[in-house]
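Participant: Residue strings, one per chain:
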Amino acid sequence: MKLIFDKSVPGRRGVRTEPADVPRISISPDLLRQEPANLPQLSELDVVRHFTELSRRNFGVDNNFYPLGSCTMKYNPKVAEHIASYPGFADLHPLLPQLRMGGMLTQGALRVIHEIDTLLREITGMAGFTMQPLAGSHGELTGMMIMAAYHREQGNKKTTVLIPDSAHGTNPASAAIAGYRVVSVPSNENGVMDVEAVKQHLNDEVAGLVLTCPNTLGLFNPHVKDICDLIHSVDGLAYYDGANLNAIVGKARPGDFGFDIVHLNLHKTFATPHGGGGPGAGPVGVCRKLVPLLPVSVVIKRNDGTYALEYDRPKSIGYIAPFYGNFGIVLRAYAYILMLGKEGLRRVAENAVLNANYVKEKLKGHYELAFDRLCKHECVFSTTQRMAENGIRALDIAKALIDKGFHPPTVYFPTIVKEAMMIEPTETESKETLDSFVDAMIQIAAQAESEPEKLKQAPATATVCRPNETAAAKNLNIASL
Amino acid sequence: MPFISNTPEQQEQMLDEIGLTMDGLFGDIPGQLMAEAFDLSRGLSEQETRNRLTELAQKNATHLTCFLGGGFYDHFIPAAVQSIVSRSEFYTAYTPYQPELSQGVLQAIYEYQSMICRLTKMEVSNASLYDGGTALYEAMMMALRITGRNKVIVDDSVNPIYRVMIQSYTQNLKIELEQTRCKDGLANRDHILQLIDDKTAAVIVQNPNFFGCIDDFSDIAEAAHEKGSLMIVSSYPISLGILKTPAAMGADIVTGEGQSLGIPMSFGGPYLGFMASRKQYVRKMPGRIAGETVDAFGEKAYVLTLQAREQHIRRDKATSNICSNEALCALTALVYLSLLGKEGFRETAQLCADKANYAYKRLTAIRGVEPHFRRKWFFNEFVLDLPCEAADVIAKLIEKRFAAGFPLGRYYDGMENSILISVTEKRTKQEIGMLAEALESVL
Numbered sequence: 001m002k003l004i005f006d007k008s009v010p011g012r013r014g015v016r017t018e019p020a021d022v023p024r025i026s027i028s029p030d031l032l033r034q035e036p037a038n039l040p041q042l043s044e045l046d047v048v049r050h051f052t053e054l055s056r057r058n059f060g061v062d063n064n065f066y067p068l069g070s071c072t073m074k075y076n077p078k079v080a081e082h083i084a085s086y087p088g089f090a091d092l093h094p095l096l097p098q099l100r101m102g103g104m105l106t107q108g109a110l111r112v113i114h115e116i117d118t119l120l121r122e123i124t125g126m127a128g129f130t131m132q133p134l135a136g137s138h139g140e141l142t143g144m145m146i147m148a149a150y151h152r153e154q155g156n157k158k159t160t161v162l163i164p165d166s167a168h169g170t171n172p173a174s175a176a177i178a179g180y181r182v183v184s185v186p187s188n189e190n191g192v193m194d195v196e197a198v199k200q201h202l203n204d205e206v207a208g209l210v211l212t213c214p215n216t217l218g219l220f221n222p223h224v225k226d227i228c229d230l231i232h233s234v235d236g237l238a239y240y241d242g243a244n245l246n247a248i249v250g251k252a253r254p255g256d257f258g259f260d261i262v263h264l265n266l267h268k269t270f271a272t273p274h275g276g277g278g279p280g281a282g283p284v285g286v287c288r289k290l291v292p293l294l295p296v297s298v299v300i301k302r303n304d305g306t307y308a309l310e311y312d313r314p315k316s317i318g319y320i321a322p323f324y325g326n327f328g329i330v331l332r333a334y335a336y337i338l339m340l341g342k343e344g345l346r347r348v349a350e351n352a353v354l355n356a357n358y359v360k361e362k363l364k365g366h367y368e369l370a371f372d373r374l375c376k377h378e379c380v381f382s383t384t385q386r387m388a389e390n391g392i393r394a395l396d397i398a399k400a401l402i403d404k405g406f407h408p409p410t411v412y413f414p415t416i417v418k419e420a421m422m423i424e425p426t427e428t429e430s431k432e433t434l435d436s437f438v439d440a441m442i443q444i445a446a447q448a449e450s451e452p453e454k455l456k457q458a459p460a461t462a463t464v465c466r467p468n469e470t471a472a473a474k475n476l477n478i479a480s481l
Numbered sequence: 001m002p003f004i005s006n007t008p009e010q011q012e013q014m015l016d017e018i019g020l021t022m023d024g025l026f027g028d029i030p031g032q033l034m035a036e037a038f039d040l041s042r043g044l045s046e047q048e049t050r051n052r053l054t055e056l057a058q059k060n061a062t063h064l065t066c067f068l069g070g071g072f073y074d075h076f077i078p079a080a081v082q083s084i085v086s087r088s089e090f091y092t093a094y095t096p097y098q099p100e101l102s103q104g105v106l107q108a109i110y111e112y113q114s115m116i117c118r119l120t121k122m123e124v125s126n127a128s129l130y131d132g133g134t135a136l137y138e139a140m141m142m143a144l145r146i147t148g149r150n151k152v153i154v155d156d157s158v159n160p161i162y163r164v165m166i167q168s169y170t171q172n173l174k175i176e177l178e179q180t181r182c183k184d185g186l187a188n189r190d191h192i193l194q195l196i197d198d199k200t201a202a203v204i205v206q207n208p209n210f211f212g213c214i215d216d217f218s219d220i221a222e223a224a225h226e227k228g229s230l231m232i233v234s235s236y237p238i239s240l241g242i243l244k245t246p247a248a249m250g251a252d253i254v255t256g257e258g259q260s261l262g263i264p265m266s267f268g269g270p271y272l273g274f275m276a277s278r279k280q281y282v283r284k285m286p287g288r289i290a291g292e293t294v295d296a297f298g299e300k301a302y303v304l305t306l307q308a309r310e311q312h313i314r315r316d317k318a319t320s321n322i323c324s325n326e327a328l329c330a331l332t333a334l335v336y337l338s339l340l341g342k343e344g345f346r347e348t349a350q351l352c353a354d355k356a357n358y359a360y361k362r363l364t365a366i367r368g369v370e371p372h373f374r375r376k377w378f379f380n381e382f383v384l385d386l387p388c389e390a391a392d393v394i395a396k397l398i399e400k401r402f403a404a405g406f407p408l409g410r411y412y413d414g415m416e417n418s419i420l421i422s423v424t425e426k427r428t429k430q431e432i433g434m435l436a437e438a439l440e441s442v443l
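Quick mapping for you: the protein sequence lines, in order, are chains A and B.
So the first sequence is numbered by the numbering used here: it starts at 1 and just counts up by one.
So the second sequence is numbered by the numbering used here: it starts at 1 and just counts up by one.
There's no promise every hint is true.
What the hints assert, rightly or not - With a Cα cut of at most 27 angstroms, we get these calculated BS3-like pairs of lysine-lysine:
(1) B:Lys317 <-> A:Lys199
(2) A:Lys157 <-> A:Lys199
(3) A:Lys474 <-> B:Lys396
I should point out that these hints are in silico values taken from the structure, not numbers from a laboratory.
Hey, can you work out the whole structure from these sequences and the hints?
Facilitator: Structural data, given as structure tokens:
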């Protein structure tokens, strides 16, 4: 398909600009660009057709089942999109509350932030939240900065952070960027972080630990509280990566497990759209002693029932985002939580876990199950011995699924499982959808035996087939200049 | 139950098939760790939810004519922008890890990267970052990696919100941060040039700067390069419709806030951080990058490339911890720029400058209102000195239905009487006239 630049026709226009009702100003030529930016020249219809065609070459949750493990690709309710477009929210300038009495101009927006803060505290068992982090990994960095600020305040000299080998890559990256050295802790034979291994790595240098629970294998660590207690014994802080909260939301709370810092991915658990890779939102919650360290500003409720932004927070880690986070995303999540309510919230985890175990049990025997035990929101399979003998890899299974009309699961992660295929169905999918996915997977498993060569050429139905990533990096072409 | 497809009967049937109960599904969580009860209300219907949120939206001021900017602007957004980015094949997709199912988003990112390069005249761009502030912080970190040095100079005409963000991020790191105080509305080159030494990783400047003044940093770039340092320019993309490009000034890394490119103000986000640089630094760049390649049949295709820089491969050695970026906002900017096109984009920038200049003339004609910086070129924002406290005047003008500007005393000592006024192409001659009348009446 042609690039938009290649469709340009000189003289064609997509919009009519405002009539010039004031005199033209001539800025000194040495401050101006030599020639206009080389943007395409297209009609509105050209642009609409181009992007409609691009959208047809893309696959979202609305197209079909999207069991991408660790990403929680649940259905994104349309009403949330509708609400985010209300002019009272979409057209609100972020600097208004910084004007004198300006907070009164944004009472509705401040109330949304204050109320979702209260809701998330209840859901996670934490004492306070910031809505500012702009994505999950940004939440991790914020949490790490809070950890560092806590140790500075305590006068602790801490240098390392413990992270399990099954962790998302963002965990070690965030810890490193915040200035910590990362110590990787191996998982045990049950696929979870081992209490003894934590003890071995425990010393006064340990600033904290990052744990995803259930972890990226979809396994809940029954010793999670003991691990948090151990970390606390050296005045370390326990950090909960909330990427997998969907497995326990409405059933159990990280705050009750002993975690001090929690980040949530609103674009996972709270159904805001992934946007093809953002924008997301990664609110961070903390235990009581860390509340004063949260970023500025914080929305408070005054005695007269009005809401205000508090900037005077001397112990705060400071500003980590320009304003109040990705407000448009926070707003969508707020609407979603209101619609779920107490009962709906519990049903989320129940059905997410039911769907994952259903798929796990149905595919067991056709694929190699990494850990044959109760899972939470996702399960991880490998290719079987026979598939390996036929040269079939997880990638081939993934590509074959595309021809069956499904988005593939996450492959080759977590890295501690060979040929990993990580399947997360989410609660919004129906039994019929899961059954047809299971059928497709079983057919592919059979094909891996009967006609492995054909599998290696999949997909046959997509617009492209196995683009060459090595060539892309070698012959770098990342812009049409 | 909303958004859960399976009926209770189906749930029972599935549980039967796998030989478990609902409680059994959570049998691996120790009993004492299960929550007893959640203090939440019952779930609301869609209508109840919409009514409640409509009520909250109405508690926000939408009746004000906006002359408030400060890096975040009320530009006109064509209806086709929202219409296109509302296609759910785009917005309900995840990061394009499976290129066969993501050619739409991947090509869009490639086109977005091309647009950013064409705007800034830089050679490479990433797929986006969170916002202009975090993009500037990431650019600083990138400069530290490239040079292996740890000193950074930032002029205080850079957006104060970005400067405090950089301060927060560097608290736990060994970075020497030097701040220069701008002079006569422009970056303080005397002081900057004096501070640049062989420990300096980067000089950070902004154009137009926070006061709206237009600068040319060619001399700073030259001095920085002489010492092996980099120049980072934070840029307002609409201004690039007419202003000298950062590349022409010798910038090494360019960042900025892309909100002005068709993204609603939405009370602070989601926004769009853009980043472009010289090609030689692309492997030190943070964030995702889409590249062109060929598929198994030799057909043109797009993929995420240079992933060896990223956290999911390099973990604690990655160039950044960023995972999700702002793909949908990048798409929005791409669609906006495609619709405006070559002529529309240039005209929009020119109109901003024209209308700001007209407003400047109208407002400085008022007795007691003086320009803060004399004989300086500005783009679409300028600073006026009022005879009394600016915050006070702005509060009075809110009663007259104007968000008249930003009181600079909030971030700059000694500027308590100064107001920063922004004018976009959206403001009409009539609105500017009404602001002038309103201002005159409250002084």
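Participant: Need the list of violated hint numbers for this structure, in ascending order.
Facilitator: Violated hint: only 3; rest satisfied.
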